[in-house]
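Go by the hints and put chain B onto chain A.
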Amino acid sequence: MHDFANAFILLSNYVLIPSITYGSQLAIGALGITLVFSILRFANFAHGDTMAFGTMVAIFCTWGVQALGLSLGPLPVALITLPVAIAVTIALVLGIDKIIYQFYRNKKVEPIILVMASVGVMFMMNGIVRILIGTGDVSFADGARFIIRAREFREMTGLDEGLALRTTQVITVVVAGVVMAALFWFLQKTRTGKSMRAFSDNEDLALLSGIKPERVVQITWIIAATLATIAGVLYGLDKGFRPFTYFQLLLPMFAAAILGGIGQPIGAVVGGFVIAFSEVALTYAYRRVFEYLGPDGFEVEGLAQLIETEYKFAISFIILVIVLLVRPTGIFKGRVL
Amino acid sequence: MSLLQATGMRGGYGAADILQGCTINCDRGEIAVIVGPNGAGKSTAIKAIFGMIDLREGDVTFEGKSITSLAPQARVEAGMGMVPQNNNVFPGMTVEENLQMGAFLREDGGAGVIDKVYDLFPAVKDKRYQLAGELSGGQRQQVAVGRAMMTEPTLLILDEPTAGVSPIVMDELFDRIIEIAKTGIAVLMVEQNARQALEIADTGYVLVEGQNRFTDTGAALLADSEVRATFLGGDQS
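One line per chain: the protein sequences are A and B, in this order.
Counting from 245, one number per residue, gives the positions in the first sequence under my numbering.
Counting from 1271, one number per residue, gives the positions in the second sequence under my numbering.
Some hints here could point you the wrong way.
[To be verified] Straight-line alpha carbon distances no greater than 25 Å define the calculated DMTMM-like cross-link-like pairs of lysine to aspartate or glutamate that follow:
| no. | chain 1 | residue 1 | chain 2 | residue 2 |
| --- | --- | --- | --- | --- |
| 1 | A | 577 | B | 1404 |
| 2 | A | 456 | B | 1366 |
| 3 | A | 433 | B | 1404 |
| 4 | B | 1452 | B | 1442 |
| 5 | B | 1335 | B | 1324 |
| 6 | A | 352 | B | 1324 |
| 7 | A | 433 | B | 1324 |
| 8 | A | 433 | B | 1422 |
| 9 | B | 1452 | B | 1469 |
| 10 | B | 1397 | A | 448 |
| 11 | A | 433 | B | 1377 |
| 12 | A | 456 | B | 1396 |
[Unchecked claim] Residues from chain B that keep clear of chain A, each with C-beta distances beyond 10 Å, as calculated:
| no. | residue |
| --- | --- |
| 13 | 1286 |
| 14 | 1367 |
| 15 | 1485 |
| 16 | 1488 |
Honestly, the hints are just simulated from the structure, not real lab data.
Note that this is a predicted model, so its numbers are computed, not measured.
For each residue, glycine too, the CB sits at the ideal point set by N, CA and C.
With the rest of the complex left out, here is chain A:
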C-alpha cells in the first residue's frame, strides 16, 4: 500500500501535474489557432511569436513594476501586467491585420497565400522580439515559488516520495480554467459570440443575415491576441521565457488544434491536454515507479524511458501525421486543413 502511494505520488509529481499544467498552456494557445482558422480560414503560423510578443510586453511591465519596488506578495507581478500586455498585443495584431491580412482578404486570395503571409508576419514578430528582449532565457516569475514543497509533503505524509506543487502550476490551471470558461460562455451565450460561430459555420448565410465580416474578423483577432498573451505569460512563468521556445510551441499547438478538430474550440482544449500528456508520459523515465510497484527488491535496468526528452517534439509531430492520415477531421469533426 505504501509502495502504491509512493508510485502514485511519483507519477503525480512528474507526469500528472506537469502535463495538466503544460496541457492548459497548449490548450489556450491552440484555442487561438483554432479560432483564427475557423473565422479567417487560414492556419496562423505567427501565433507562437504572437505569444512571445505578448509575453515580452508582460516582462517589460513586470520589470517596470519591480523597479518601483512593488510586488504582489506570493503571486507573480506578471499577472497584473497581463491587461497591459494584452492591450499592446491586440493593438499590434489589429495593426498587422489592417496592413497585411485585410489586403489579401479583399483580394479573396486562396488560404495558402494567407498562410504564407502569416509566415512572413511570424518572422517579423520573431525579429521584433529578439531585437527588443534578446534571444536568451528570461525568468520573470517572482512571488512564492512553491505552494507545497517536496520536503514538507514528505514530512506531512511520511511517504518516501515528495510532491512539489509550484505556484505557477496552480496559477496556470486556475487562469486557464477561467479563460476557457469565459471564452465558451462568450461563444455560446452572447450575440457576438454566436455571430462568430455563425460566420464560421456558413459564411454566405452569415452575410445574408447581416453579420458584418470585418467586425467578426476584428473580434477574432482581439480574442486570439488575448489568448496568445495569456498562454505565453503562463508558459513563461512556468518554464521561463525564450523566444525560440515559443516558436517551437507552434508544433504542439497545431498538433493539439488538429487532433481536436480544427475550428472546434472544445477540440483545441482536449487536443492540448492529449498532446501534453503524451509528451510528458512518453518521455518520463518510469524506473522508480516500476520498482515501487514490483515485488520487494525488484530492480529495473536502465531508465524505463520510452523516448528521450530531446525527442519530445517528435511526439507532437507523429500524432499530427497519424491524425492527418487516419482522421483528418480530428476528434470533434473539425474542418480539414
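Structure of chain B alone, referenced to chain A:
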C-alpha cells in the same frame, strides 16, 4: 404598381448573359413562381433580384424605389428575405440560434418574432435545442425559411425550397408557404417541381433561355396545353 418589379434583367456570371431581358413582378400576399427547364436562368433571376449577381441591363425596384445598386445585405435591411437552395442553415448551431442569427439585424433581438415562426412551424419548435445540421431535409428547410422570416420581410425569396425532399414534406412546405403569403408577405420562388408549384402560384413565370416565355396565373398555365406538353412533362392529369 407591384411591390417588386424586376424589369428587363440582363446579366450573368461571366461574359455570357444568362438572363436575356427577363421580367419578374411580385406583389404583397401573392405567390409568384418561376419555372422552366434546366439552365433557363431561374436561380440566376432571383439571385439578380437579391443582388447576388450584377445586372448589365435592367432595373429592380422594391416598394417603388430602385434597389439595383444595393448589396444583398442592404436588401435584407430594405425588407427582403432570402432562402438559398443549398447551405441555408448554420449546421453547427441549434435551431433556436439559427433563428436568432436571422434576427441579427434587429435591434430587439427578435424574441417576439421567434414565437411567430414557431407558430408557423410547430415541428421546428420541438427541435429548438437540436443542431440544425442533425435535422431531416424537410425540417432543415423549415428552419431555413424560419431564419429568413426573422427580419419580418415584406418579400420572401425561396430558391428551390423543395429540392430533395419527399412529396409529403413538399406538400407540407407548400402549405406553410401559402400561410406565409396569407399574412401579406410577397413570396417569390423558383421551383423544380413545376406542376405542384404552379398549383399554389398566383402568378407563374415560365423562363426559357433567360427570357419570359409564358406569364399567367398558375391555374391558366396549368391549363395551357403548350405549357403542359413542353414544361410539365406531358399531358398527365
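We went through each hint and held it up to the structure:
1. About 14 Å separates the Cα atoms of residue 577(A) and residue 1404(B), which keeps this hinted pair within 25 Å; it holds.
2. Distance hint between residue 456(A) and residue 1366(B) is fulfilled; the C-alpha atoms sit about 20 Å from each other, no more than 25 Å.
3. For the hint pairing residue 433(A) with residue 1404(B), the CA-to-CA distance comes to about 21 Å; that is within 25 Å, so the pair holds.
4. Of the supplied pair hints, the one linking residue 1452(B) and residue 1442(B) holds, its CA atoms being roughly 16 Å apart against a limit of 25 Å.
5. Between the alpha carbons of residue 1335(B) and residue 1324(B) the distance comes to roughly 17 Å, so the proposed pair stays at or under 25 Å and holds.
6. With a C-alpha separation of about 18 Å, the suggested pair residue 352(A) and residue 1324(B) falls inside the 25 Å cut-off, and the hint holds.
7. The hinted pair formed by residue 433(A) and residue 1324(B) fails the criterion: a straight-line CA distance of about 37 Å is larger than 25 Å.
8. At most 25 Å may separate the alpha-carbon atoms for a hinted pair to count; residue 433(A) and residue 1422(B) meet this at roughly 24 Å.
9. With a C-alpha separation of about 16 Å, the suggested pairing of residue 1452(B) with residue 1469(B) holds against the 25 Å cut-off.
10. A threshold of 25 Å between alpha carbons decides the hint, and for residue 1397(B) with residue 448(A) the separation of about 24 Å falls inside it, so the pair holds.
11. The straight-line distance between the Cα atoms of residue 433(A) and residue 1377(B) is roughly 17 Å, inside the 25 Å bound, and the hint therefore holds.
12. Straight-line distance between C-alpha atoms of residue 456(A) and residue 1396(B) comes to about 30 Å, which puts the hinted pair past the 25 Å bound.
13. The non-interface label for residue 1286(B) is consistent with chain A: the shortest C-beta to C-beta separation is roughly 22 Å, beyond 10 Å.
14. For residue 1367(B), the non-interface assignment is contradicted: its Cβ lies about 6 Å from the closest Cβ of chain A, within the 10 Å cut-off.
15. With 10 Å as the threshold on Cβ separation, the claim that residue 1485(B) sits away from chain A holds: the shortest Cβ distance comes to roughly 28 Å.
16. In this structure residue 1488(B) is separated from chain A by more than 10 Å, as the shortest Cβ-Cβ distance comes to about 28 Å.
Going down the numbered hints, you'll see the structure goes against 7, 12, 14, while the others check out.
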